[in-house]
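So the sequences go chain by chain: A and B.
In this text, residue positions in the first sequence follow our numbering: the first is 1, and each later residue adds one.
In this text, residue positions in the second sequence follow our numbering: the first is 1, and each later residue adds one.
Incorrect hints may have been included.
[Claimed, not checked] Taking lysine-lysine pairs in the BS3-like style, the calculated list, with each CA pair at most 25 Å apart, reads:
1) A/Lys140 / A/Lys21
2) A/Lys98 / B/Lys68
3) A/Lys6 / B/Lys68
4) A/Lys127 / B/Lys158
5) B/Lys34 / A/Lys95
6) A/Lys21 / B/Lys158
7) B/Lys68 / B/Lys34
8) B/Lys68 / A/Lys95
9) A/Lys51 / B/Lys34
10) B/Lys34 / A/Lys98
11) A/Lys51 / A/Lys98
12) A/Lys51 / A/Lys127
[As the list claims (entries may be wrong)] Among the chain B residues that face chain A by a calculated CB cut under 8 Å, a handful are:
13) Leu23
14) Ser115
15) Cys122
16) Gly132
17) Leu138
18) Asp155
19) Arg206
[To be verified] Derived list of chain A stretches under chain B, where covered just means 3 residues or more per stretch with a C-beta under 8 Å from a C-beta of chain B:
20) 4-10
21) 18-32
22) 49-59
23) 82-96
24) 100-112
25) 117-130
Simulated from the structure, these hints should not be mistaken for lab results.
Cβ atoms here follow ideal geometry from the backbone N, Cα and C, with glycine treated the same way.
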Amino acid sequence: MLTTLKLLIPVFIPSWQFFNKIAASPRIEFTMQATAEKQTDNWQEFSRRPKQRSLLTIIKSIFYNPQWNESLFMTTCAERLISNPTEQASQEIIKRIKAELELRQVNLSRTPYLQFRLVFVSREGNKLQEDILFISELEKLEEPDHEPN
Amino acid sequence: MSLIEAIRLTEIFLAIALLQQSLEHLRTAQDERKLFIPRIILSILLLLGLWTPWICVLLLIQALIILKHFDGPYNGGSDRMSLLILSCLCLINFMPSSQLQGYVLGYLALQVLLSYFAAGCCKFINREWWSGRALQDLFRFSAYPASQDLRSLADHPKVLLFASWISILFELLFPLTLLNQNLLIIGLLAALTFHLTNAYLFGLNRFVWAWIAAYPALFWLQGQLI
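Please construct the entire structure, taking both the sequences and the accompanying hints into account.
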């Protein structure tokens, strides 16, 4: 109850500070591996950012943009994992990476262990700097209920 | 615009905003769908104006459950604005007099004004916004640009300097739109353009609908002041 009330206070007294400071920005990278022991360095960025969008996609996105909003939520979870780490934030990210892998019809039975890390990009002077600030535990993914077609 | 008209329009636009948000969740995990299908039904009832006071209460309770489910807002500012409007509508529906209802709607209008003015102040006191550097950073390395091609805007400092000052001035001057109804219409058209631009550049589509839902309160307040 107290937690819910704490979440509610910023609703009644919002701060409305948007983009006032451009802080270090997280990238989510993940790796899949066959066993819990074998370590891999094959990290790939989890990104849904298209190279470009057509006019029709842009117009449609004003009404319906679920994937992008989910990506922004994952960014929020990544920031929460640094400022106020919770298992829930980590699980939200894992759940969405898993869903994306299933959507891409990746065979999870061969590499059922998932791990992700957070790489924060910031500007130092005129150069961009990358810092790995979080590495998750290995997570064994369960098989989807049905085989992808 | 009368108080009753402003309240009803707020309900209609909020219902549309909540429907838009909820429909986006239908493609996600099963547990999230269970949260948002009832919200879709409640939003339709709000749109139709059926049992409005109790529908608002149910929507608010459900919003709290959603807030707890995601351990905070799912979509930052747009969730906060939607919840603020919903909370104000709940209060309005149970206020014993129209005067008290007006106070609550006035508070909502004030928050909309602040949402622009406070954001403008924060940018104005930050030197990186003065030089356009903040926008450059936003495009260069933040998580927001909605396509990879948009990152190349970081290489156009003069355009970004101009855009920075347009944003700052628009947000700082927005409260002045209350001086006159025509000014308010122009201000709200500018605000809509601002939100649509943000939707195009950063994919912040939910902000468009959430903020539109609060505009009737501004129209009403402007009519009361002048």
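Here is how each hint holds up against the structure:
Distance check on the hinted pair: lysine 140 of chain A and lysine 21 of chain A sit about 37 Å apart at the alpha-carbon level, beyond 25 Å; violated. Between the alpha carbons of lysine 98 of chain A and lysine 68 of chain B the distance comes to roughly 22 Å, so the proposed pair stays at or under 25 Å and holds. Between the alpha carbons of lysine 6 of chain A and lysine 68 of chain B the distance comes to roughly 10 Å, so the proposed pair stays at or under 25 Å and holds. For the hint linking lysine 127 of chain A to lysine 158 of chain B, the alpha-carbon distance of about 20 Å falls within 25 Å, and the restraint holds.
A hinted pair counts as satisfied when its Cα atoms are at most 25 Å apart, and lysine 34 of chain B with lysine 95 of chain A qualifies at roughly 16 Å. Between lysine 21 of chain A and lysine 158 of chain B the CA atoms are separated by roughly 20 Å; this keeps the pair inside 25 Å, and the hint holds. A distance of roughly 14 Å separates the Cα atoms of lysine 68 of chain B and lysine 34 of chain B; the hinted pair therefore holds under the 25 Å criterion. Using a Cα cut-off of 25 Å, the hinted pair lysine 68 of chain B and lysine 95 of chain A holds, with the two alpha carbons roughly 17 Å apart.
The suggested pairing of lysine 51 of chain A with lysine 34 of chain B is violated, with an alpha-carbon distance near 33 Å, which exceeds 25 Å. Straight-line distance between C-alpha atoms of lysine 34 of chain B and lysine 98 of chain A comes to about 19 Å, which keeps the hinted pair within the 25 Å bound. Restraint check for lysine 51 of chain A and lysine 98 of chain A: satisfied, since their Cα atoms lie roughly 23 Å apart, inside the 25 Å limit. Straight-line distance between C-alpha atoms of lysine 51 of chain A and lysine 127 of chain A comes to about 23 Å, which keeps the hinted pair within the 25 Å bound.
This hint holds: leucine 23 of chain B has a C-beta 7 Å from the nearest C-beta of chain A, less than the 8 Å allowed. The beta carbon of serine 115 of chain B is positioned within 8 Å of a beta carbon in chain A (closest approach about 4 Å), and the interface hint is therefore held. With a least beta-carbon distance of about 4 Å to chain A, the hint placing cysteine 122 of chain B at the interface is held under the 8 Å criterion. Below 8 Å, beta-carbon pairs count as interface contacts, and glycine 132 of chain B has none with chain A, the closest being about 12 Å; its hint is therefore violated.
A distance limit of 8 Å between C-beta atoms decides the matter here; for leucine 138 of chain B the minimum to chain A is near 5 Å, and the interface restraint holds. This hint is violated: aspartate 155 of chain B has a C-beta 13 Å from the nearest C-beta of chain A, more than the 8 Å allowed. Annotation: arginine 206 of chain B was flagged as interfacial toward chain A, and the flag holds, the nearest CB pair being 7 Å apart, inside 8 Å. With 4 residues bearing a CB less than 8 Å from a CB of chain B, the stretch 4-10 of chain A meets the requirement of three and the coverage assertion stands.
Requiring three or more residues with a Cβ within less than 8 Å of a Cβ of chain B, the coverage given for the stretch 18-32 of chain A holds, as 8 such residues are present. Evaluation of the coverage hint for the stretch 49-59 of chain A: fulfilled, as 6 residues show C-beta separations to chain B shorter than 8 Å, against a requirement of three. Note: the stretch 82-96 of chain A has 5 residues with beta-carbon separation from chain B under 8 Å; the three-residue rule is met and the coverage holds. Counting residues of the stretch 100-112 of chain A whose CB lies closer than 8 Å to any CB of chain B gives 0, which falls below the minimum of 3, so the coverage claim is violated.
Given as covered by chain B, the stretch 117-130 of chain A passes the check, having 4 residues with a CB less than 8 Å from a CB of that chain where 3 are the minimum.
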